[in-house]
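Asks: Input sequences plus hints: build the corresponding full structure.
Just so you know, the sequences run in chain order P and S.
Mapping to this note's numbering: the first sequence position 227 is 229, numbers consecutive.
Mapping to this note's numbering: the second sequence position 325 is 327, numbers consecutive.
These are calculated hints, taken from the structure and not from any lab test.
Because the structure is a prediction, the values reported are computed rather than measured.
You may find that some hints are simply not true.
Any copy, or any two copies together, can satisfy a pair, since identical chains are not distinguished.
Straight-line alpha carbon distances no greater than 27 Å define the calculated DSSO-like cross-link-like pairs of lysine-lysine that follow [as the list claims (entries may be wrong)]: (1) Lys161 to Lys354; (2) Lys285 to Lys161; (3) Lys161 to Lys292; (4) Lys285 to Lys302; (5) Lys354 to Lys65; (6) Lys302 to Lys65; (7) Lys126 to Lys258; (8) Lys260 to Lys354; (9) Lys126 to Lys260; (10) Lys77 to Lys5.
The residues making up each chain are set out below.
Number of protein chains: 2
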Amino acid sequence: MAKEKVCIIGSGNWGSAIARIAAMNVKDHSDIFEEEITMFVHEEEFDGKPLSSIINEKHENVKYLSGVQLGSNVKAEPDLIKAIKGATALIVVVPHQFVEKVLDGVKDHLAPGARAVSLIKGVKADGGKIYTYPGIISSLLGIRCSALGGANIATEVAKDQFCESTLGVLPEGTKPHGKDSLSDADLWYNLFNRPTFRIRVVSDVDGVALCGSLKNVIALGAGFSDGLGWGSNTKSAIIRIGIMEIKDFCVHFFPKVKSETFLEESCGVADILTSCISGRNRKVAEDMVKTGKGFQELEKEELGGQSLQGPQTAEQLHNFLEARRDEVSRSDGFPLIENVWKICYEGMPPEKLIEGL
Amino acid sequence: MAKEKVCIIGSGNWGSAIARIAAMNVKDHSDIFEEEITMFVHEEEFDGKPLSSIINEKHENVKYLSGVQLGSNVKAEPDLIKAIKGATALIVVVPHQFVEKVLDGVKDHLAPGARAVSLIKGVKADGGKIYTYPGIISSLLGIRCSALGGANIATEVAKDQFCESTLGVLPEGTKPHGKDSLSDADLWYNLFNRPTFRIRVVSDVDGVALCGSLKNVIALGAGFSDGLGWGSNTKSAIIRIGIMEIKDFCVHFFPKVKSETFLEESCGVADILTSCISGRNRKVAEDMVKTGKGFQELEKEELGGQSLQGPQTAEQLHNFLEARRDEVSRSDGFPLIENVWKICYEGMPPEKLIEGL
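Replies: Right, dumping it as structure tokens:
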């Protein structure tokens, strides 16, 4: 059996943290993987030098995950076509808005038998349609795509603090790589699972991908509650209601998605928790209440102009629900999602967050 | 239809907060309830006066919920037999260790058609047997007993901060009070549900009762994690694993209990969250790590000698699992529960909390 060759497409905070995990595992499973991992780096200057050459010299992503050794077997490569050459295991971890641009034209250069896993947070919405990134990647590249997500703040993972992550794979039975090849589950499990980064496998790619995006709307709700000085009864109620709304939303509109992914797995309940305790959507929402400023203004002040995912996702869900209102059978609709949207975009006072819940 | 007469057996922090809720609701539903509520007060002196007479004068439980008006229709009564006279709706909210003593001999003085609801946190264990308090109350009094539990810190409920609570009722179909009487669900829902205290009803009395007790073991785990300075990935993982362990434990040993009660309801996921964010079990566990002291010493220092429920419950679960080890089919047992027990009672270093998870 030929060894799997790994390429990480993306080199931000999370991409770098996962590169370190993968770099250790390809060595521990040298029967399965080639030792060298390539990491596609969107080239930029840092201290007057190209970031990719600094990474290759210091084995550290000084810009996005400083102070952490990635492993000397991680090779940064600014040319994507070169980076993916011969790669059979592609980890896609670029910001969601760049996926289509980055992967454009890549299909023709893929190695035979290549597979992908998406670590992307976010969904693509177009009125009454929502697409998850594993599906988009699968279409763009013409290959199978799994999903990985969980309560995984990159800096904590980089310190080997104990955590869990959920791997969503397609149903077995269609092995495009010959009957002796590894299953998707085995491939990605061996590449990611560590003593302090525990992988649990579920047969639910879209569930994993959706959780990681929709949780940010709940985190905004939790942040509004914090900003208003409400106590932990209220915050816990908002989180519980939020879990149920995104679970019901996804199960309703994505019939293959499983409730358990939301209620029982790290990508669901645990990631939602982390985001509601310490995420940046929570923080900005808290500050919206305390300062009276809109999220756009706080994005500039606190995030250097980076856009916050929660409001964007709330807007996508709102537009989706408007377009498909006739299909919503849940008796009370999705009041928490709609209230978060109204607070972000319609000037509704945050105190009204609990209205209609 | 004769009106229901309410008696609250217990007058601590939570008993007083729920008295205030019930006092408002009996007025709002005067077609169902008599206006006067009695509250059994275990008599004690406060500022040289009997507590029950201060409550009746000021309509405030100055000792256990000071600064909060309970309502002038709450009548404190130190004689339990007088308190329950004519009462058809008994709210039992005494500390679990006193239930059997307090209710001894009460059966003979009950009004016809009386029903109970248990707000008690805790379980009674005897080696290989665990009993929930709704079951114990039902046996002691010979009447039906429901359960109420949720993310309900008393002081926040007393301020009308938005929260939810779960009402567990027995299956319908056996109406002991005549076919025209209210169902258990309708009786307790009308007595407890408020715009800021939202009741959801489930057909799972034991599930509600068990969540409220077993959550404290998870809260200890979360507190150890906090004390060790571990981040929110780890804490979220511990909470997720904890939810799954107590769910699996209860579903396995109490076959009528429903998974959803743990995964979807306020008494489950939301109450666990609150306890892991701000409960006193969490706090003492954090301090155990930071000071190196045992929980017994911290109970004296921080809780004025009151005993903490988490360690006690961990011990009960440990003894139970020892006694019924042959029946445990879960492949890895219950490592979080066992590790918490070992840290509390066996001197295991808290760093080992994640071992075997």
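Asks: If a hint holds in the structure, say so; if it doesn't, say that too.
Replies: Going down the list of hints, with the structure as the test:
Taking the shortest alpha-carbon separations for Lys161 and Lys354, only the inter-copy value of 17 Å comes in at or below 27 Å, while the best intra-copy value is 40 Å. For the identical chains of this complex, Lys285 and Lys161 are neighbours both inside a copy (23 Å) and across copies (25 Å), given an alpha-carbon limit of 27 Å. Taking the shortest alpha-carbon separations for Lys161 and Lys292, only the inter-copy value of 21 Å comes in at or below 27 Å, while the best intra-copy value is 33 Å. Within a single copy, Lys285 and Lys302 get their C-alpha atoms as close as 14 Å, which meets the 27 Å cut-off; across copies the closest is 37 Å, which misses it.
In this assembly of identical chains, the alpha carbons of Lys354 and Lys65 never lie at most 27 Å apart, being 41 Å within a copy and 34 Å across copies at closest. Only within a single protomer do Lys302 and Lys65 lie at most 27 Å apart by alpha-carbon distance; the minimum there is 20 Å, versus 50 Å between protomers. With identical chains, the CA atoms of Lys126 and Lys258 are at most 27 Å apart within one copy only, with a shortest distance of 18 Å there and 42 Å across copies. In this assembly of identical chains, the alpha carbons of Lys260 and Lys354 never lie at most 27 Å apart, being 31 Å within a copy and 33 Å across copies at closest.
Within a single copy, Lys126 and Lys260 get their C-alpha atoms as close as 20 Å, which meets the 27 Å cut-off; across copies the closest is 36 Å, which misses it. In this assembly of identical chains, Lys77 and Lys5 lie within 27 Å of each other by CA distance solely inside one copy; the values are 18 Å within and 78 Å between copies.
The earlier numbered hints that this structure contradicts are 5 and 8.
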